[in-house]
Amino acid sequence: MANVHLPGTLTPLFPGLPRHVDVEADTVGAAIAELELRWPGLQDRLCDPGPNLRTHIHVYVDRDRATLDTALAPGSRMDVIAAISGG
Amino acid sequence: MPNTVVIVGTRKGAFLLESDADRRDWKLRGPYCEGWPVYHAVHDPVTGNIYAAAASEWHGSAIWRSKDLGEAWTLSSEGIGYDESSGRKVSKVSSLAARNGRVLVGVEAPGIFESTDEGETFSLLSTLAGQPGSEAWDDPANQPPGHLGISALMLDKDDDSRFWAIVQGVGVFETADDGATWTPRNRGLRSDWPRPHEEVGFCVHRLVRADDTRMYQQNHVGMHRSDDLGHTWTEITEGLPTEFGFAAAAHPHDRDTFYVVPLDPGHGRTMPEGKATVWQTRDAGSSWRPLRKGLPQEDAYLGVLRSGMAIDGYDTPGLYFGTSTGQVFASNDEGESWSEIASYLPPISSVEVAIVE
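First to last, the sequence lines map onto chains R and B. Under numbering that gives the first Met the number 0, the first residue of the first sequence is numbered 0, with each subsequent residue one higher. Under numbering that gives the first Met the number 0, the first residue of the second sequence is numbered 0, with each subsequent residue one higher.
Looking at chain R on its own, in the form it has when it is part of the complex (with noise of 0.2 angstroms):
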């Protein structure tokens, strides 16, 4: 079980979704779909079609920074970053 912390630009984009997210996956690329399971589009709104990462999207995990591929392990943490930007 990983716990997935979200940016608060996401979470008013989909009822109920919280802030912390606890979900069983083994890479970053899973607990995305996993979301995505559960809160349909999410997926979206973090990755493009290929899937990857979108550019502003930051993904850390245990921080350090980390890929859809990166694998978690129980208990790890994944930061969902909204890069700072603009104005």
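These are calculated hints, taken from the structure and not from any lab test. Be a bit skeptical, because a hint or two may be false.
Not everything, but these chain B residues come out facing chain R in the computed CB check (under 10 angstroms) [as the list claims (entries may be wrong)]: (1) Gly-34; (2) Ser-55; (3) Trp-57; (4) His-58; (5) Gly-59; (6) Ala-61; (7) Thr-73; (8) Leu-74; (9) Glu-77; (10) Ile-79; (11) Gly-80; (12) Asp-82; (13) Glu-83; (14) Lys-88.
Given the structure is predicted, the values throughout are model-derived calculations rather than measurements. C-beta: ideal position from N, C-alpha, C; glycine also.
Go by the hints and put chain B onto chain R.
Okay, now just chain B, sitting in the frame of chain R:
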């Protein structure tokens, strides 16, 4: 009594301005769409839905929908995206057209997606592949900053399989078979630059329909009129202060009356001499007159983008335009007089108007 709803797309979400049929007192609601940059927002007169094409820097492009005039919104991008193997990417959703539950979405890189379920899901309708110019318009090196791809879509009045698409910097294309085949409709347009193809290479900013046969357009270089539904074009710029501008509107009941907002053509692209002015022709472009009553006439360096002006369908039509500095001006007397109905919105991308019973 019907309500008048002006739908404003801005860089920080969508807003609605509401009034009654008199169109004197206005109430603002919003922002909607979570502050996403909205490129175009429209109303489907049959379903009553409002759709907003928005592209978040973080979360990508999606079509927002409200079924209750803005009270509640959902979003979907299901099906909006090119196959990875094509090498094309959707950088933004730029333009919308909606009727009878069907939604057409123009995107960059140029292509058109379709929804037949009121914006729940989408599928690729056409990329205009094979049209002259198409080999170049997918190359990012050929696109200026902020390129919109399909910058506008215009539906036919009656025939759902006929519509027109503007490819920014390339020209107008018409389909009469629901996007299966296309024909460039740019004959007679002016261009002041070399063009690799005879039929395309024109910078069409705004295309509007006057009646069964007449169209007008604001081009990068000049206003133009067509009396054969876009098959041929005649320039009608003479009498205007500049040939450049983005926005345009055709009178819904008088085919000879047309409105434009000329801008300085350089980098500034604001109203000449700082005097906010809409120009009107009542004789199909033979002569032009300025409409200024109620508009700021001193130090008003306002810009209006290509989807930034709309006209309603009342017997005495009302005109509306939104500026790139966040003001909305409205006229309830065909442009003879104006009032500022919103002053401090984010930069405005689009203005549309609906009459709601």
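These are the hints, each one checked on the structure:
1. The beta carbon of Gly-34(B) is positioned within 10 angstroms of a beta carbon in chain R (closest approach about 9 angstroms), and the interface hint is therefore held.
2. The closest approach between the C-beta of Ser-55(B) and any C-beta of chain R is roughly 8 angstroms, which is under the 10 angstroms cut-off, so the hint is satisfied.
3. Annotation: Trp-57(B) was flagged as interfacial toward chain R, and the flag holds, the nearest CB pair being 4 angstroms apart, inside 10 angstroms.
4. At its closest, the beta carbon of His-58(B) sits 4 angstroms from a beta carbon of chain R; the interface hint therefore holds under the 10 angstroms criterion.
5. At about 6 angstroms, the closest approach between the beta carbon of Gly-59(B) and any beta carbon in chain R falls short of 10 angstroms, and the interface hint on this residue holds.
6. Taken as an interface hint, Ala-61(B) checks out: its beta carbon lies about 7 angstroms from the nearest beta carbon of chain R, inside 10 angstroms.
7. Against a cut-off of 10 angstroms between C-beta atoms, the interface hint on Thr-73(B) holds, since the closest Cβ of chain R lies about 9 angstroms away.
8. Interface hint at Leu-74(B): satisfied, since its Cβ lies 6 angstroms from the closest Cβ of chain R, which is below the 10 angstroms cut-off.
9. At about 7 angstroms, the closest approach between the beta carbon of Glu-77(B) and any beta carbon in chain R falls short of 10 angstroms, and the interface hint on this residue holds.
10. Because the smallest distance between the Cβ of Ile-79(B) and any Cβ of chain R comes to about 8 angstroms, under 10 angstroms, the interface hint for this residue holds.
11. With 10 angstroms as the threshold, the beta carbon of Gly-80(B) comes within range of chain R, its nearest partner Cβ sitting at about 4 angstroms, so the hint holds.
12. For Asp-82(B), the suggested interface contact is upheld, since its CB lies about 8 angstroms from the closest CB of chain R, less than 10 angstroms.
13. Taken as an interface hint, Glu-83(B) checks out: its beta carbon lies about 6 angstroms from the nearest beta carbon of chain R, inside 10 angstroms.
14. Because the smallest distance between the Cβ of Lys-88(B) and any Cβ of chain R comes to about 7 angstroms, under 10 angstroms, the interface hint for this residue holds.
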